[in-house]
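Q: The chain contents come next:
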Amino acid sequence: MTTVESDRAGRPARLDWRIRLRRDRSLILMTLPAVVLLLVFNYVPLFGLVTAFQEYDPLAGVWQSVWAGLYQFERLMGDPLFWGALKNTLYLSFVQLILFFPVPIALALLLNSVLSQRVRNFIQSVVYLPHFFSWVLAITIFQQMLGGAGALNQFLRGNDIGTWDIMTNPDTFALLVTAQVIWKEAGWGIIVFLAALAAINTDLYEAAAADGAGRWRRLWHITLPGLRGVIVLMLVLRLGNALSVGFEQFLIQRVAVGHDAADVLDTFSFYYGIATGDYSYGAAAGLFKSIISLLLIYGANKLAHAFGEDGLYRK
Amino acid sequence: MTDTLTIERTGGPADANPPAPQAVRKKKSERPVWEEPPTIAGEAAKGITLGGVLLIMLVPLWIIVVTSLSTQGAVNRAGGLVLWPDGISFEAYRVMLSDSTVRNALLVSLGITAVGTVVSLAISVMCAYGLSRSRSLGHRFILTLLIITMFVNGGLIPTFLVVTGLGGYGQWWALILPSAVSVFNILILRAFYSSTSLDLIEAARIDGAGDWRILWSIVLPTSRAVTAVMALFYGVGYWNSFFNVMLYMPTDSEKWPLQYVLLTYVNRGNGLPGTVNGGFGDQFSQTAPLSLQMAVVVLTLIPLLIVYPFVQKHFRTGVLTGAIKG
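Just so you know, the sequences run in chain order W and A.
Numbering-wise (my numbering), the first sequence opens with residue 769 and increments by one.
Numbering-wise (my numbering), the second sequence opens with residue 2 and increments by one.
Since the hints were made in silico from the structure, they are not lab data.
Among the hints, erroneous ones may be present.
As the list claims (entries may be wrong) - Here are a few chain A residues that face chain W, going by a calculated C-beta distance under 7 Å:
no.	residue
1	Trp35
2	Pro38
3	Pro39
4	Leu56
5	Ile89
6	Arg134
7	Val163
8	Ala181
9	Phe244
10	Asn245
11	Gln260
12	Ile303
13	Leu305
14	Ile307
To be verified - To list a few chain A residues with every Cβ distance to chain W over 12 Å, as calculated:
no.	residue
15	Gln73
16	Phe91
17	Ser180
Positions of the beta carbon are idealized from the N, C-alpha and C atoms, including for glycine.
Turn these sequences into a full structure, and let the hints steer you where they fit.
A: Next comes the structure, spelled out in structure tokens:
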């Protein structure tokens, strides 16, 4: 490591690339493990998407499998199970947008108004915790609390009120999974909003209060505009991920409520692709999802730019 | 002040009764002078909401821990889950840990988590530092290569085919390497490295230190907080993973981690394989006593609860949020 030439020397002229390679070779070497792993497990599968246009045969491999053109996509379009999964995905995404999205914002505002730092820290540590639970654990906890043999029904039975089975009811499944997402992720979700709230200049509040603006007017005219950028960014991310509503969560609960209610695009790929060995069919469903998702990210960013915000990337 | 009263002492798990307002010590108000005094109704609503949020988070955990520590008699008396300790017994834990499948799964989970976290952290730290020096050769290109993977990926099936094509079916590395790199975490680390200890790095460079040396002796020691948070993120990811087990080793119960045992045994209520000659086969092969199931739940929680308090305080340092927009 004797070839150090200060890369911050502020020399105006650009060095020759061979000199820069000698100088930066350790830096490049450091990125190598990550780059290799991403090439193998992210970029190679990208080319593996050609299986969606094949009749993939595991024994023949990608190179020898028979080409099928758009056959797999035609199958998808004619498959009521696929349309059911797409409908479920969009519906669940919509329900979560309406019911989940405002919760972290409200919770952050509420927490921000608590004056005692100790109380705030304690509440924060508690509400962040479920984010680190696995979905298996979170759903097991829900099952133990709300399931047929859970605490709630134990209480209802004990008081002769009858039972209320929440965990296996397909009709209320959307509400159940949204409740689970809120329980697990809403607390963690406040972290960005708290940071944005802390960044708002307190002089603004003082000046507004001096001008006679009450609590609610300050919320409306200072706090919410201060959060606007972050809210738009989170909304863009949410819309961009509209087709990913949580794979493991549905995989685990599919047994309990049945595939009509619990199949989303990701589980569809798994059950009708890998589990049945119909790889090309599953890959086609995955490719369909990826393309729509990219369009959604692009569209959501356009929307953010239209609102004069940065979104995910700048214009 | 009243808003803090209802919450201040809800610290213990037994926070069912909010304390009386008089019980709280006098404290100097931190309220800014220009802010109007709080209304009683508003403060009460705030306290009740936040108290309710805490209860929703903590009561389930409390019930599960208490039930896992209860005797069969206590479970029978309660008619299922136990709300209030009524005869403490560690029998469930003894039986659980004497079962070979659970012991195995615990070792597997700990092993995967330890190895995976070290691998992921080492790769990410190196990559983040490698990309953090402005004007270094090719860092823009590599960065773009990384970021693209956040938006475009082959998806489940092509990845599965690549891993199995490389002979990963039933192999340990299939649980670690395919998801070892989180580009998001690398970006957070990189944002951190690009802005810290610039003067120190400059001085070390003048003294002839190379990049490996700088990373090891300057950058890592000055960024312990963010490294700890990343270690927690990766560690939790490995500890919680169960789907890759379902993909790559679904039938090999010797290699199941704890989450898979939790899913099979508690969530699905199935018997566990491989317990017949464990001596406690009867308790495990049929739907088991409730406290035993809850003990498995607690077992998956314990490592997290041990590590969490040490790392959690760093969340507030702005480590994460600073990088999200950056």
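Q: Is the interface hint satisfied for Ala181 (chain A)? The criterion is a beta-carbon contact with chain W at less than 7 Å.
A: holds (6 Å)
Q: Per the CB criterion, is Arg134 (chain A) less than 7 Å away from chain W?
A: holds (6 Å)
Q: May I ask you to test the interface hint for Pro39 (chain A) with respect to chain W, counting a Cβ-Cβ separation under 7 Å as satisfied?
A: Hint on Pro39 (chain A): violated, closest Cβ of chain W at ~9 Å, above 7 Å.
Q: Taking the closest Cβ pair, is Trp35 (chain A) under 7 Å from chain W?
A: Cβ of Trp35 (chain A) sits 4 Å from chain W, so the hint holds.
Q: Is the interface hint for Pro38 (chain A) satisfied, with its Cβ closer than 7 Å to some Cβ of chain W?
A: Violated, about 11 Å.
Q: Go through the hint on Ile89 (chain A) and say holds or violated, using the shortest Cβ distance to chain W against 7 Å.
A: violated (19 Å)
Q: Tell me if Gln260 (chain A) is really an interface residue toward chain W, meaning its C-beta lies closer than 7 Å to one of theirs.
A: Holds: closest Cβ of chain W sits about 5 Å from Gln260 (chain A), inside 7 Å.
Q: Answer holds if the nearest beta-carbon of chain W is closer than 7 Å to that of Leu56 (chain A); otherwise answer violated.
A: At about 10 Å, which exceeds the 7 Å cut-off, the nearest Cβ of chain W leaves the hint on Leu56 (chain A) violated.
Q: Was Phe91 (chain A) rightly flagged as not at the interface, with every chain W Cβ beyond 12 Å?
A: holds (20 Å)
Q: Holds or violated: is the Cβ of Val163 (chain A) closer than 7 Å to a Cβ in chain W?
A: This interface hint holds because 5 Å falls under the 7 Å limit.
Q: How about Ile303 (chain A): closest beta carbon in chain W under 7 Å, or not?
A: violated (12 Å)
Q: Find the nearest Cβ of chain W to the Cβ of Gln73 (chain A) and say whether that gap is larger than 12 Å.
A: holds (16 Å)
The structure fails to meet hints 2, 3, 4, 5, 10, 12, 14, 17 from the earlier list, while all remaining hints are met.
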